[in-house]
Amino acid sequence: MVSKEPTDEALRSLIDHFPKSSLLISKEDLIPYSFDATATFYQPPLAVLFPSSIADIQWILQWAKANHACILPRGSGTSLSGAVVPQKNSIVLSMAKWNKILEIDRNNLTILVEPGVTTQSVQEEADKLSLFYPPDPGSYKISTIGGNVGHNSGGIRGLKYGVTRNYVLGLEVILPTGQLLWLGNKCMKDSAGYSLKDLFIGSEGTLGIVSKVLLRLIPKPQERQVILASFSTLEAAAEATSAIINAALIPSALEFLDRKTIDCIEQYNPAGFPKESEAVLLIESDGHPQAVRDEIVCILKVLQLYNPLDIKIAEEPKDQEQLWKARKVAFSALARKAPTVLLEDITVPRSALAEMIRKIQQISSQYGVEIAVYAHMGDGNLHPVFLADEQNEDLMEKVYRAMKEIFLYAIKLGGTITGEHGVGLAKKEFLAYQYNKEEFQLLKSIKKILDPDNLLNPGKIFD
Amino acid sequence: MNNLNSRFSLLSLDPTIIQKCIHCGMCLPSCPTYQETKIERNSPRGRISLMRAIAEKRMDLTELFAHELYFCLGCLACQTACPVGVDYKTLFEASRQDIEKSQILNNPLRQIARTALIRFLFRSSFRLRTFGKMLRVYQSIGLDRLVPYLPFIPAKLKDMMAQLPPIASHFSSELIQPRETPFHTKVRWKVGLLTGCVQDLVYSKINRDTVDVLLYNGCEVICPPHQGCCGSLHAHNGELKTAQLLAQKLMDAFPLNELDALITNAAGCGSHLKHFSNLFPPGTPWRKKAEEWDKKVFDIHEWLVKIGFSKPKLTDTSQPQPVVTYHDACHLCHGQKIKNEPRIILNSLPFIRFVELEESDHCCGSAGIYNILQPEMAHKLLNKKIAKIKQTAASILCTANPGCLLFIEKGLKKQQLNIQTVHPISLLAQWYKMANPGEPTPQKNQEKLAIPK
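Protein chains in written order, with numbering that gives the first Met the number 0: chain X, 0 to 462; chain V, 0 to 452.
Rather than coming from a laboratory, the hints here were simulated on the basis of the structure. In this text, all values refer to a predicted model and were calculated from it rather than measured experimentally. Where hints are given, some of them may not hold.
As a list, the in silico DSSO-like pairs of lysine-lysine whose alpha-carbon atoms are at most 27 Å apart [what the hints assert, rightly or not]:
hint, chain 1, residue 1, chain 2, residue 2
1, V, LYS336, X, LYS324
2, X, LYS317, X, LYS300
3, V, LYS383, X, LYS324
4, V, LYS379, V, LYS157
5, X, LYS259, V, LYS336
6, V, LYS19, X, LYS274
7, X, LYS159, X, LYS185
Across the chosen pairs, the derived CB separations fall in these ranges [what the hints assert, rightly or not]:
hint, chain 1, residue 1, chain 2, residue 2, range
8, X, GLN119, V, PRO374, 27 to 33 Å
9, X, HIS16, V, TYR148, 43 to 49 Å
10, V, MET250, X, LYS19, 48 to 54 Å
11, V, MET250, X, ASP309, 47 to 53 Å
12, X, GLN119, V, LYS100, 37 to 43 Å
13, V, PRO153, X, HIS16, 36 to 42 Å
14, X, ILE312, V, VAL322, 33 to 39 Å
15, V, LYS132, X, HIS16, 56 to 62 Å
Glycine residues also receive a C-beta, built at the ideal position from the N, C-alpha and C atoms.
Turn these sequences into a full structure, and let the hints steer you where they fit.
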């Protein structure tokens, strides 16, 4: 279906159906919904709807189908792939007010939430019961669980605890046809047929609208310690990471920041990162106190082999929190460096980290494009950040070429073009390099089955 | 004036100030209005996207935009939260200046209120004082209690009259000599004290306490009578020309070259007083003077910590031991980045138990005249604040801005909570007095602060 401008009559029926407070149509209201946290994409929607019931969502889906419009579910708009940038004639379906925690089941260690609940609220709620919800994206204070499910969001603890998918036990989903499904259950194991819920996790709102999420909680680790190790080269930090993994040590977080990133973070809010290093590793071990102590000793032994400039251990929660807080603002803080920052998200097998970092440095100097790097190093998930300027066409062209080369090289190393941000608009062009024709066709046919009229977030992931 | 106007107009503003916003959303959790409505237009990144649309001529300055900019509290919490360093204050002031120039919100009632308040009353210290005296008489003979029963006064006006603060029995100049010198220690610094306008009328006692504290710490205090408004109110409400005139008047009132520092104790004023140079075009004599001025302005807490203030020594364990909490006034913690200093001072007081207030840096809803213009949102925020204050079980709430003090005090009274609202410096002054009961004091008309346990 090709999206077309709805008729005046159709718009009137839309306006008449919803109260003024739940349907926004003024340009002053639409402009602020024309972007997400990705640079360069911009398109105001046709309207913004705050649904008050499942019936509202079913009605708007029908309306969209009848009037050749499309529906874009949205949480807080912090996505980094253009996934919630509207297409023409999109109705943004804001789930931000569906933000209640519906049930905490202490017996089964589960939490049932509405999709607009923030990641931080879930973490805090779990913490009150000495439980733990590990997925921890940088925007956790405002990112919503619905958005996390849509992007299969990761974060700093992915190495040991995995990503959002690993904690979703069930989903309530409204299909583009209006059909309401409950997928999953409170069981820890379920082998009954295809895992339908998994299809919706990471689907970027293209297959269904998530209206409830059942999440798994785990016991809160008793103890944490954080190592801050600094190195004179990026490769030394990358090699140390590969060696830690090779030694079968799996800390809860193993993060990497380069000099440019550290400088920007320190400008925003000094966290005490060392001044003289080219790269730092932030490594967190958590669990039973004795296990943490043992793991820290082992990690320190490995680190020593790669000539660190300095090693510090933060044992106090206050100091640890300061370091993690600093780490989480890395992307935004880097925007101090350039008018336009483009954040990328490649992941490579962990043995190939040093090689990938060398390649990024080489591409940076080859194209004359400044690239900062920070990474969930333990996951092999690198975030090269292109420091660019939208107004400078020549530079943007070089950035684009450099970016493409980085993607191709990551794929060549057996990696992927996105580890946690999703494809959205930003990377759909490169998806074809990762999948062959048949695989690509299979992806498209799944969309076709679930959303035959192409109502939900069309033009994302692929055309 | 042209340069000034261009700095404060969205259309001629340096575009990089707006482009800096990468819409990452890190500001959203800090924004009081967004947190209440969950509508993007009511968020910092939403407002900036509209400013950008206007600056890039994709949108005209509209009435809805204008209302939105007056729906923003200007609390600057977003500026603290922003890792990119977007200068929201400049964008906010430029937008409001454009709105006022466009006259898009003009209606007779608004015109009368703005002219009466911003252009007439707060422009002259004489008029403000005269108004203050009239108000004092009106309140002291009990007319204010009669007003709600007078049928010929419209309800809206009654509401506004109910918001009027209680005027102090003495203004600052009646409590403070133009020059006061420490009596028990040698002079280490010579400082000017800015008495403010609302502070002068309503909380002159805080100004007196500030002088006492400065004297205890070896500061000679120069305090010209009749200083008037600093122009902060005007700058935040798009009246930059008047703000400029008031800044000039105030700078002329002080012997700037002789002073080590200019001390302010009102958060809202301080945040404006430290940036007078922004009001004058580069290269002009006033700009030069304003730059000198800016360097010398210190918030009282900041100054005391900088000079190493003496901690009150209290040995009498029979003294009250109150639980004290602290609300960060927006223009102190976000506007001036002063968070630790008031806590250092409060924690230096022997026998108090300091309890942190959860979300202490969230706006209380007062925000200058916001509580009068947007009472619904203001009261939502106030109720949230009071609920948090209750959680602390404190008997004293400290905060360092007259607007916050008034608004929170009113809210606490309404809920019949027996919690005292005090400026941290008043508490420090009281502790000095308890520690040095025999010392002479230059203070006139002193009322003793009743300290609840």
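Hint check results:
no. : hint                             : in the structure
1   : V:LYS336 to X:LYS324             : holds (18 Å)
2   : X:LYS317 to X:LYS300             : holds (26 Å)
3   : V:LYS383 to X:LYS324             : holds (26 Å)
4   : V:LYS379 to V:LYS157             : holds (21 Å)
5   : X:LYS259 to V:LYS336             : holds (25 Å)
6   : V:LYS19 to X:LYS274              : holds (26 Å)
7   : X:LYS159 to X:LYS185             : holds (22 Å)
8   : X:GLN119 to V:PRO374: 27 to 33 Å : holds (30 Å)
9   : X:HIS16 to V:TYR148: 43 to 49 Å  : holds (47 Å)
10  : V:MET250 to X:LYS19: 48 to 54 Å  : holds (49 Å)
11  : V:MET250 to X:ASP309: 47 to 53 Å : holds (49 Å)
12  : X:GLN119 to V:LYS100: 37 to 43 Å : holds (41 Å)
13  : V:PRO153 to X:HIS16: 36 to 42 Å  : holds (38 Å)
14  : X:ILE312 to V:VAL322: 33 to 39 Å : holds (36 Å)
15  : V:LYS132 to X:HIS16: 56 to 62 Å  : holds (59 Å)
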